[in-house]
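Enquirer: Take a look at the letters that make up each chain.
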Amino acid sequence: MPDQGRRGRKRGDHVTSRELRPEALPNPHSETPAEPPPPISPPKEFTAMPFASDAARFALSRRQALMGASALVLAPRALRAEPRRGGTLTIVLSSEPTSLVAATTVVTPSLSVSGKVTEGLLQYDFDLNPQPELATEWSVSADGLHYVFKLRPGVKWHDGRDFTSADVAFSLLLLKQVHPRGRSTFANLAEVATPDPLTAELRLSRPAPYLIKALASSETPILPKHIYEGTDAAANPNNAAPIGTGPFLFKEWARGSHVIYERNPNYWDSAKPYLDRLVVRFIPDPAARSAAFETGQADLGYRTPVAMADVERLRRVADLRFETKGNSYSFNVTKLEFNLDNEYFRNPKVRQAIAHTIDRAQIARIAFFGNAEPCASPIAPGLRAFHDPAPSPYGYDLAQAEKLLDEAGFRRGANRIRFRVPLDFNPVLDEGRRVADIVRATLGRIGIAVDVRAQDTGSFVRRVYTERDFAFTVNGLSNLFDPTVGVQRTYWSKNFIRGVPFSNCTNYSNPEVDRLLETAAVENDAARRAELFREFQRIVAVEVPDINICSPTFLTIYNKRAHGHSLTANGIEASLADAYVDA
Amino acid sequence: MSVALRTGQALRRTAIQAVPTMLGIIVLCFLLLQLMPGDVADVLAGESGAATAESLEAIRSRAGLDQPLLVQLGQYLWNVAHFDFGQSTRFGTPVSQLILERLPNTLVLMLTALGLALGLGILTGSVMAVYAGRWPDRVLQLVVLFFYSTPGFWIGLMAIVLFSVQLGWLPSGGSQTIGAELTGLAALLDRLPYLVLPALAMASFFIAVYARLTRAALLEVLRQDYLRTAVAKGLPPFVIYTRHALRNALIPVTTVAGMHLGNLLGGAVVVETVFSWPGMGRLALEAVAGRDFNVLLGVLLLSSFLVIVTNVAVDLLHAWLDPRTEAS
Chain G
-2 MPDQGRRGRK RGDHVTSREL RPEALPNPHS ETPAEPPPPI SPPKEFTAMP FASDAARFAL
58 SRRQALMGAS ALVLAPRALR AEPRRGGTLT IVLSSEPTSL VAATTVVTPS LSVSGKVTEG
118 LLQYDFDLNP QPELATEWSV SADGLHYVFK LRPGVKWHDG RDFTSADVAF SLLLLKQVHP
178 RGRSTFANLA EVATPDPLTA ELRLSRPAPY LIKALASSET PILPKHIYEG TDAAANPNNA
238 APIGTGPFLF KEWARGSHVI YERNPNYWDS AKPYLDRLVV RFIPDPAARS AAFETGQADL
298 GYRTPVAMAD VERLRRVADL RFETKGNSYS FNVTKLEFNL DNEYFRNPKV RQAIAHTIDR
358 AQIARIAFFG NAEPCASPIA PGLRAFHDPA PSPYGYDLAQ AEKLLDEAGF RRGANRIRFR
418 VPLDFNPVLD EGRRVADIVR ATLGRIGIAV DVRAQDTGSF VRRVYTERDF AFTVNGLSNL
478 FDPTVGVQRT YWSKNFIRGV PFSNCTNYSN PEVDRLLETA AVENDAARRA ELFREFQRIV
538 AVEVPDINIC SPTFLTIYNK RAHGHSLTAN GIEASLADAY VDA
Chain X
-12 MSVALRTGQA LRRTAIQAVP TMLGIIVLCF LLLQLMPGDV ADVLAGESGA ATAESLEAIR
48 SRAGLDQPLL VQLGQYLWNV AHFDFGQSTR FGTPVSQLIL ERLPNTLVLM LTALGLALGL
108 GILTGSVMAV YAGRWPDRVL QLVVLFFYST PGFWIGLMAI VLFSVQLGWL PSGGSQTIGA
168 ELTGLAALLD RLPYLVLPAL AMASFFIAVY ARLTRAALLE VLRQDYLRTA VAKGLPPFVI
228 YTRHALRNAL IPVTTVAGMH LGNLLGGAVV VETVFSWPGM GRLALEAVAG RDFNVLLGVL
288 LLSSFLVIVT NVAVDLLHAW LDPRTEAS
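From first to last, the protein sequence lines are chains G and X. Once you know that position 1 of the first sequence is -2 in this note's numbering, the rest is easy, because the numbers rise by one and skip nothing. Once you know that position 42 of the second sequence is 29 in this note's numbering, the rest is easy, because the numbers rise by one and skip nothing.
Careful: at least some of the hints might be erroneous.
Below, a list of computed lysine to aspartate or glutamate pairs in the EDC-like style, where the Cα atoms sit at most 20 Å apart [what the hints assert, rightly or not]: (1) G/173 x X/41; (2) G/248 x X/88; (3) G/222 x G/320; (4) G/147 x G/266; (5) G/322 x G/370; (6) G/491 x G/515; (7) G/248 x X/168; (8) G/248 x G/259; (9) G/491 x X/168; (10) G/557 x G/198; (11) G/557 x G/79; (12) G/222 x G/198; (13) G/147 x G/193; (14) G/173 x X/168; (15) G/173 x G/229.
From chain X, some residues computed to sit far from chain G (all C-beta separations above 12 Å) [as the list claims (entries may be wrong)]: (16) -7; (17) 13; (18) 18; (19) 23; (20) 35; (21) 63; (22) 85; (23) 117; (24) 127; (25) 130; (26) 166; (27) 177; (28) 223; (29) 226; (30) 261; (31) 307.
To be clear, the hints were calculated from the coordinates, so they are not data collected in a lab. Ideal Cβ positions, reconstructed from N, Cα and C, are used throughout, including at glycine.
Okay, chain X solo, but in the shape it has when bound:
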């Protein structure tokens, strides 16, 4: 089957699955959010310590909270169907604007973290598998165990203490030099030091996961007959490991990495908070704390969309890595 056909099929299948999935997510989240005590007016009043019955009522009426529940849900679904995600009650700004301003930041952080995790994880795992049982393997296993069992935000905080406060090498937070107004390459270089610590903090756990997965999968593959054949053919070890062994060993890693993209969005909440990174995770957290449900639903909707898209991408990647996948 041609690649184009395969891709088209995957996309169609996804489209059919995506719409009901997202609808379900909206309805479920909307109903669950109703269980939270307090609303946006309560929080605004609580934070400012100032309200009158009239000002609370004005906030609620602007947010549509004075309508019956099903009317609110119907209205929201109707708006979403027209790609209108509503207004943030807290900020008085369209939700789409709030999210789109933050989405690039989160994507940059997520993809860098995922890239780092995959790169370093696979590399470490391969080294561990190649030297299985010998001292490089032992040492790396210890390091990996440390990253596996330590929460990312703690690593982040410690990295701030070491690299920002003590050594002064890297900034302690933010995503770029504020007000520098750089463009092109200069802007990219400016952002790099801000990205290092949060991306590492976010990646640390996943580096450990991928390293262990790669090690196990690679050891499994290395025992296969076709590899003995490859060795017998006299292929150089590097080619054996990368082209013959690693490619097959990568299937479990990519599967798990695809699923982790959702986790990364969740983990982003913590890391973005620790590093004052203006991303979507923090927006979601603040929307929960502020009971700004339009924003939260918008973020959840977009996240679910991202997860679905990633699943398609992983499916396609599998088909390329191992053409047999598609047949099943």
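Next comes chain G alone, as it looks inside the complex:
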């Protein structure tokens, strides 16, 4: 499923005056609990998060650029052959980017290609711990209001100009204006100071604990100031023929067919990239994508690049390999969302009754062909620091569901039907139709007649978010890299905004949930922040403004000749400087 849920919530004037007490921060390390080291884990001293520190005002991470970078790359290679220089890697996407720079748009295919040319300050390991990219060192003050980034020296734009802190300052402030999520991600960013060409200092008006995870190239691309300054960023020709600092030079965009990138011989990481050429093909038809993998015309695709129904067949193709890593920059949760203004669904007993009919394991097996993890929480299991693994308080129990509906006053009438409602599914989801059909069949058994309605993306978005002409939907929510960014938006009552997609379309409003979300958005203490989100999950699990069903397991499919592509949290969306192919 593409990240139709990658949406920002609006933040700003809502934060309560609750005081932050940075000196009371006990957690020495990170929001991410100590995990077993990831397979590409850098040396031990690098596994701790570099910023939040105990008592110290600044805890500068002394992460050496080259060490960090080479550790990230060389560790897994030690076991296998040296990367081969040369060759072409072909990536397949299901649709065409609208722009080759993910600055004014975040449609998935644009995110897929942007990082090849346009890099970010940081990249992330599988557990979202920051790693150096354009920034070599960084620190966050204990009060979470002051960030310092030391930039990599000797980096040049593809047109030969020097990359400096002025580009960083310009980009962050531009993205705050024009990026679809920038207005919320950088809402608290007050100013960016550039004391010298290789230092950028961010000053925030309020803490933004998720900000350090938002600096990947696909999310926060660092743009050339001399190209974008004084122009309309959305119409800048650079979006269709980009220059950046990245390992690949843009060569050609054949509309409707492909984009070609060539090796940047002057890349700052001098041995890389290993590939001579990177081809990104757009193949809209799912069957044609499967054929492209089978015939070897495609080497690599991510976020389950083929129809889920085809995965089992492709698993038997000798040359193909499957990978789940490198899809952790954005986990999704597929859910049923109720319109709480609907005459039936405003009644909590009806929602509880429906929650009692959801057999998550069955849906994961049938609708997702097993490629999903049952998940009763809006926060995906992948965000381990925040996810509450507790099962739904309303277990699978059809008898109990019928009892609740009787109690709610919706008794079986003519034809043993209690009432009839339409169900819309988000067409972007591969599994949307199948989940809707399963829900229709199960609800039929407890006397609720469901009419499944199909429509295209434009119609669905207009119907649900502008016209609110719906009863309930099968929808997906992208958690992104943090629940404040990815989850808050659908539960926060101040984000009930008609006409804005992926806002709070249920019209759920609970002052306690609002308080928890708003507090968590500015809470510097990782443990306390996780606890706030746990409490939030407990409340919404009981009140069921929506029913969370499964978190799809995104698969990266690749030909066995392709290597070195799924090394970071955003895997294929990263620069691919480390990717190489067998001859």
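Fit chain X to the known structure of chain G by using the hints.
Expert: Structure of chain X alone, referenced to chain G:
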């Protein structure tokens, strides 16, 4: 009447008809498109799952969607009158550039498919008529019935499974070897294998249509008196069939083929999608799904223009095939 005069007349007649036709198409399409739920900003936000009220407003204002409907229509017509087809809101690129990049691909595919359909269809139809009632006719009728009743995209998918996935003879999609940077004959030869399957998939239905039409028309013609005369004169059968019979039998085929050019544009949508062919049909489909109406109107405008041009060409062809046509 001289050929030049006849051609000039046809062209003038067409020009007079074309302008109001195209104007009508634009206005009708423009108004119909307003009935579609959702706009370009909705789709972009839906696909990216990210929007704020401000970013949506910026997209709408750039697309001019915040203007009253009639102002939008007037503006569009004014621009088209100056050969400015506007910007694609989705891609931020001029529509004319998007279309012109794809037009050659579609034309190549369409013309190859039409050529294949006509060639194979007329050939098959002739064989069927010559052997009418005997076993070659029976067998070919079965084959033709299969192509007639099977959708082209399914034939395309099956051809991919057989020739690309199983046998590995032909590429499964695309229009050329990406990044090969060939020119001249080498480029042409490179494109050929990519063209075979989509052109056949697109032509399959039309091969069947033309075969049946040719067979029927030829059987009709073969009963005419002048053919008995030709046989009595002792002309060789090949000359009788090609020069005397087929030429007259071709009138219905060319008429239908002319009308089919519009259908081919429509059929191109499906075939181009199945074979990842970067043509105009897919552009139109994606423009509908993306509510990128400037692009869609541009494609429709160009398609209607192509259909009109084809009609002229068919008229002229008829006049050449059968000089009596022009008199009526």
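Enquirer: Now look at each hint and say whether the structure bears it out.
Expert: Hints and how they fare:
1. G/173 x X/41: With a Cα-Cα distance of about 12 Å, the restraint between residue 173 of chain G and residue 41 of chain X holds, given a limit of 20 Å.
2. G/248 x X/88: It holds: about 16 Å lies between the C-alpha atoms, which stays within 20 Å.
3. G/222 x G/320: 37 Å, violated
4. G/147 x G/266: 17 Å, holds
5. G/322 x G/370: Measuring from Cα to Cα gives roughly 15 Å; hence the hint holds.
6. G/491 x G/515: 10 Å, holds
7. G/248 x X/168: Between residue 248 of chain G and residue 168 of chain X the Cα gap is close to 12 Å, so the pair holds against 20 Å.
8. G/248 x G/259: At roughly 6 Å apart (the allowed maximum being 20 Å), residue 259 of chain G and residue 248 of chain G satisfy the hint.
9. G/491 x X/168: 55 Å, violated
10. G/557 x G/198: With a Cα-Cα distance of about 43 Å, the restraint between residue 557 of chain G and residue 198 of chain G is violated, given a limit of 20 Å.
11. G/557 x G/79: 16 Å, holds
12. G/222 x G/198: 17 Å, holds
13. G/147 x G/193: 10 Å, holds
14. G/173 x X/168: Since the Cα atoms of residue 173 of chain G and residue 168 of chain X sit roughly 41 Å apart, the hinted pair is violated (cutoff 20 Å).
15. G/173 x G/229: 14 Å, holds
16. -7: Answer for residue -7 of chain X: holds, closest chain G Cβ roughly 40 Å.
17. 13: Given a closest Cβ separation of 21 Å, the condition holds.
18. 18: Its Cβ never comes within 12 Å of chain G, the nearest being 18 Å, so this holds.
19. 23: 7 Å, violated
20. 35: Nearest chain G Cβ is 4 Å from residue 35 of chain X, so the label is violated.
21. 63: Nearest chain G Cβ is 19 Å from residue 63 of chain X, so the label holds.
22. 85: 6 Å, violated
23. 117: Fine: 40 Å to the nearest Cβ keeps residue 117 of chain X off the interface.
24. 127: 30 Å, holds
25. 130: Since the minimum Cβ distance to chain G is about 25 Å, residue 130 of chain X lies beyond 12 Å and the statement holds.
26. 166: 5 Å, violated
27. 177: 14 Å, holds
28. 223: About 49 Å separates residue 223 of chain X from the closest Cβ of chain G, which puts it past 12 Å; holds.
29. 226: 47 Å, holds
30. 261: 5 Å, violated
31. 307: 37 Å, holds
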